[in-house]
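Could you build all of it, start to finish, from the sequences and the hints given here?
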Amino acid sequence: MLKNLRVTTSKYIDETSRVSFKFNGKSYFGYKGDTLASALLANDIHLVGRSFKYHRPRGIMTSGSEEPNAIVQVNNNTALTEPNVRATELEIYHGLEANSQNCWPSVDFDIGGINNFLSPLLPAGFYYKTFMWPASFWEKYEYVIRHSAGLGKSPTEPDPDIYDHKYIHCDVLVIGAGIGGIMAAKTAAKNNLKTLLLDEKNEIGGSTIFQNSEHVKINDQNSSAWLENEINELRNIENLEIKTRTSVAAYHGYNYLLARENLTDHLPKNEKNKKVRQRLLKIRAKKVIVATGSLERPLVFNNNDRPGIMLSSAVKKYADYYGVATGRKNIFFTNNDTAYESAISLNKKGIKVEAIIDIREQSNTVFTKEAEDLGIKVYRSHTVVNTEGYKKINRITIMELSKDGQSFTSQEKINLDCDCLAIAGGWTPAVHLFTQSGGKLKFREKDQVFIPDTYPSDQISIGSSNGDFELDDIIKNSTKSLKEFLNIKETEFDNLKINCPKDNEIRTIWLLPSNKVLGKTKPFVDYQNDATAKDIKLALREGFRSIEHVKRYTTTGMGTDQGKLGNMHALGIIAETAGIKMGELGTTTFRPPYTPLTFGTIVGRNVGEYFDTFRRTPINDWHIENKAEFENVGQWKRAWYHPKNNETMHDAVQRESKAARNSAGILDASTLGKIDIQGTDASEFLNRVYTNAWSKLAIGKCRYGLMLNEDGMVYDDGVTTRLDENHYIMTTTTGGAANVLGKLEDYLQTEWPELDVYLSSVTDHYATASICGPNSKKILNKLIPDLDLSDESFPHMSFKNAKIDNIKCRIMRISFTGEHSYEINIQANYGEDLWKKCMEAGEEFNITPYGTETMHLLRAEKGFIIVGQDTDGTMTPIDLQMDWIVSKKKYDFIGKRSLYRSDTMKEDRKQLVGLITDNPTEVLEEGAQIIANTSLKPVEMLGHVTSSYYSPNLNKSIALAVVRGGKNMLGQKLFIPMEDKNINVTIVDPVFFDKENVRLNA
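Everything in the sequence shown is counted per our numbering, starting at 1 for the first residue and increasing by one.
Don't read these hints as lab results, they were simulated from the structure.
From a predicted model like this one, the values you see are computed outputs, not experimental measurements.
There's no promise every hint is true.
[What the hints assert, rightly or not] Across the chosen pairs, the derived CB separations fall in these ranges:
no. : residue 1 : residue 2 : range
1   : W884      : K140      : 56 to 66 angstroms
2   : K286      : N415      : 58 to 68 angstroms
3   : E844      : W884      : 33 to 43 angstroms
4   : N726      : G586      : 43 to 53 angstroms
5   : N997      : E710      : 32 to 42 angstroms
6   : G150      : K22       : 20 to 30 angstroms
7   : Y758      : Q635      : 23 to 33 angstroms
8   : L496      : Q406      : 38 to 48 angstroms
[Unchecked claim] With a straight-line cut-off of 20 angstroms between C-alpha atoms, the simulated EDC-like cross-links for lysine to aspartate or glutamate are:
no. : residue 1 : residue 2
9   : K973      : E940
10  : K836      : E629
11  : K287      : E490
12  : K11       : E230
13  : K129      : E542
14  : K808      : E832
15  : K782      : D833
16  : K800      : D786
17  : K392      : D110
18  : K352      : D419
19  : K743      : D681
20  : K896      : E684
21  : K391      : D44
22  : K269      : E91
23  : K906      : E940
24  : K480      : E157
25  : K269      : E361
26  : K973      : E922
27  : K644      : E625
28  : K696      : E684
29  : K26       : D108
30  : K696      : D724
We put the CB at the ideal spot given by N, CA and C, even for glycine.
Have a look at this one:
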């Protein structure tokens, strides 16, 4: 029978708006403003899931993004399904359907629960040792492992929701809208700074907004009332933008941050349609103020994971903010005073508090005194040694602690009945974003916390994220920090009157003692992955010392909560066991995202056909009108071939290549990467980038260059032209343009910042028509009659500025086909007109448009490489028989040192060669392996075919290949093993056509 645990009216919940939702197939009701967690608790539902390894029952533990247990599958079996959603963050709406995860057939009866009984056989690292033998069983192991891995089910259909990206620039970004964040935002905005305030909750104010203690006041007002007035003022400040339901996911260098804004997740299903669901905010801030607060720590003791065991702060928030009692018989277990404050708040609402278990011997503050005055039983210097209740806690056992907190004064046990155990283990500053930014932490021994120390950018941390946990410390220290950070003389918070109790008696025991040996207990540190204190101690016994190694061996902190609750306890247990200081041990690495992001948010609108940009040349429409077939090259749509009269690709390529050799061909080369290089050090820059020399290249001349990686392997190639004394234009491969620009910028900014060089991508600025063939000069002469095209005036590898119909263009005499060729570069918007004029001028010469496939054939006939096809990241210039392009005189260039490593100088490396088949009509498959002996077992592979075509100009098939020791094997017979036969081939020179380069000047 369902029981409603609403105990009080809350102004944050709209009780006039009743919301129906389903959980595990059953219908429940909540109110507008409820999270799934608060609504389930109001309906007396505590069991919400199962743990990952042991499948132990798990209940709601927190009220925020640190929740490790209450993660659910939303909208199961639909295209909108989403796994691993925190019930503590999911606001309920009409039509919501959520299901428990990691359980079968149901959360109440889970077959996987047998793992709990087998837990002695499944310690940390068991999978590293168990599935090693027998080797033949691996496929069976793998099947089980694959089906056991993961939490939730990923969608199998395309996501119909809409996602978006937005760029934001601001003077000051404030992360977190608790009392510290609100003070910071108001101060910044009132000092004429464009300010952005973000908070992951649907309401701003943090925990202070529902603070109801008479002992905590600001200017003689209840702190929540004072803060509410501040918030009302805040909303009227013009240069301040407030975004709620917005979680900062990542804090990168130079104050660049990513945040996810939830826009429609809280709306009813019928109001979500065609609206943006989530937006990824890309924020660049001049200054950042981190006010992310702190996370309450649990306590680690035997069986501390049962449903009904919750954080004290969560119990208080559910009561004060949502008006929900988390239990009828509540017991608090604490090492500090915050649990007393929570217990008092519940008591005043009529929610029964059975007792407070305090591991401290004494504490004399107004909160402890008030709790005792209210008649709440307090057990001092006691600890919980066990809990009972399988699907929900129903009893705890406590014992009195010894002075050192490591044993007991006697063996007397006290049993107490309860249905909710609220635990309070102190507070951990939320330094995750700070450390993501590159900040360094320091350890404060007094209360065992890591706090910000060294800031890598223009940022500060304030409030409890900076280790200030008392209200007066938060306000006074934040005010002081803000004045220094924002360079202002005063704030309106300088002289506030603050009254709040001080909690100076905190007792930290990372692993509370038990009356059983450790091996017989289950003190959980990571609730989601079932990592226990004994797992951590086992890892230390097995030789692990680094916290990062222990984390991976035990899986502590590797769940969807990323160890927000358990990591500090893991550090403490390691430090105590290993006998080292926590400050020396350090922390695990806090990696983005702070909370999980959906793939939709990351991708934004770039899905489906928009997943990657399609780039089209200015001549693209002409290609479409003339029935060209296209291929994708990088992001570009390039004309692949131009069929006529239903030609096959083979027939079209044969025709196009013969036309280019016999008369004239024209290629759309607009896609080649073009980088404009300017600066007084441009020549020196090219000298360092390319393998050959550039200082003496004359103005008006072009030169082919080869670019290497640091390892000496070919990275890219292209022709670079000297336009002026300090001005060059570099061409790159189509697919490599962006990477080359990025690489060059990286070197300029990090390795050679002293060089006066500026790079600009101008690929899209120009359209390029490449005319080649014996009649190319005649065609260009018709286009530009007054241009001197003689070999003396316009030799190969030079350029001229010219005009076509009074439109400026740049003409380069360079060739990738071995033919007499010209590349005409013109402003992009004139590209199609230029192409049509070329076609018109070449009509009498039967000028033939050709595509990338013919281009590949023509260059292969000449033995010209294509980077990425004839190279694979393991080829040096020497391997490609391009020793001639490596300068022996230059002091240095990228990759030079690596060329002289013993491995790269070996004679038996794979080297570029030509191949011809015994049967001249037989065309080899690209990628086919090459062998010397067909009888050897296993077969020894010597290399593979990189490019292969049938050449109509040579009347035979040709191929380029890389073969081990190939350049010393000219004339040798080898074999290409295919599925049904072996093909006989002969190694030849990779230049098949016009070896003397006569046609370049024909």
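Evaluation of the provided hints:
Our hint of 56 to 66 angstroms for W884 and K140 holds, since their Cβ atoms are close to 57 angstroms apart. Checking the proposed 58 to 68 angstroms range against K286 and N415 shows it holds: the Cβ atoms sit about 59 angstroms from each other. Separated by about 39 angstroms at the C-beta atoms, E844 and W884 satisfy the suggested range of 33 to 43 angstroms. Range check, N726 to G586: Cβ separation about 50 angstroms, and the 43 to 53 angstroms hint holds.
Checked against the hint of 32 to 42 angstroms, the pair N997 and E710 passes, with Cβ atoms roughly 33 angstroms apart. Taking the beta carbon of each, G150 and K22 are about 24 angstroms apart, inside 20 to 30 angstroms as hinted. Take Y758 and Q635: their Cβ atoms lie about 25 angstroms apart, and the range 23 to 33 angstroms holds. For L496 and Q406, the hinted distance range of 38 to 48 angstroms is satisfied, since their beta carbons lie about 43 angstroms from each other.
A C-alpha spacing of about 15 angstroms is found between K973 and E940, which places the hinted pair at or below 20 angstroms, so the restraint holds. Taken as a hint, the K836 and E629 pair is honoured in the structure, with Cα atoms around 19 angstroms apart against an allowance of 20 angstroms. Distance restraint check for K287 and E490: the Cα-Cα separation of roughly 18 angstroms lies within the 20 angstroms cut-off, and the hinted pair is therefore satisfied. Between K11 and E230, the direct Cα distance comes to roughly 17 angstroms. Compliance with the 20 angstroms bound is thereby established for this hinted pair.
Proposed proximity of K129 and E542 is supported: the alpha carbons are some 13 angstroms apart, at most 20 angstroms. Distance check on the hinted pair: K808 and E832 sit about 15 angstroms apart at the alpha-carbon level, within 20 angstroms; holds. For a cut-off of 20 angstroms, the pair hint linking K782 to D833 stands: about 15 angstroms separates their Cα positions. Distance restraint check for K800 and D786: the Cα-Cα separation of roughly 12 angstroms lies within the 20 angstroms cut-off, and the hinted pair is therefore satisfied.
Using a Cα cut-off of 20 angstroms, the hinted pair K392 and D110 holds, with the two alpha carbons roughly 15 angstroms apart. Annotation: proposed proximity of K352 to D419 holds, straight-line Cα distance about 11 angstroms (limit 20 angstroms). A C-alpha spacing of about 17 angstroms is found between K743 and D681, which places the hinted pair at or below 20 angstroms, so the restraint holds. As the CA atoms of K896 and E684 are separated by approximately 16 angstroms, the hinted pair is consistent with the 20 angstroms bound.
The suggested pairing of K391 with D44 holds, with an alpha-carbon distance near 12 angstroms, which does not exceed 20 angstroms. About 13 angstroms separates the Cα atoms of K269 and E91, which keeps this hinted pair within 20 angstroms; it holds. For the suggested pair K906 and E940, the alpha carbons sit about 19 angstroms apart, so the restraint of at most 20 angstroms is met. For the hint pairing K480 with E157, the CA-to-CA distance comes to about 53 angstroms; that exceeds 20 angstroms, so the pair is violated.
Simply put, K269 and E361 have alpha-carbon atoms about 54 angstroms apart, too far for the 20 angstroms limit, and the pair is violated. Under the criterion of a C-alpha separation no larger than 20 angstroms, the hint pairing K973 with E922 is consistent with the structure, at around 16 angstroms. At most 20 angstroms may separate the alpha-carbon atoms for a hinted pair to count; K644 and E625 meet this at roughly 13 angstroms. A C-alpha spacing of about 11 angstroms is found between K696 and E684, which places the hinted pair at or below 20 angstroms, so the restraint holds.
Only pairs whose Cα atoms come within 20 angstroms are accepted, and K26 paired with D108 is accepted, the gap being roughly 13 angstroms. For the proposed pair K696 and D724, the alpha carbon gap of about 13 angstroms is at most 20 angstroms, so the pair holds.
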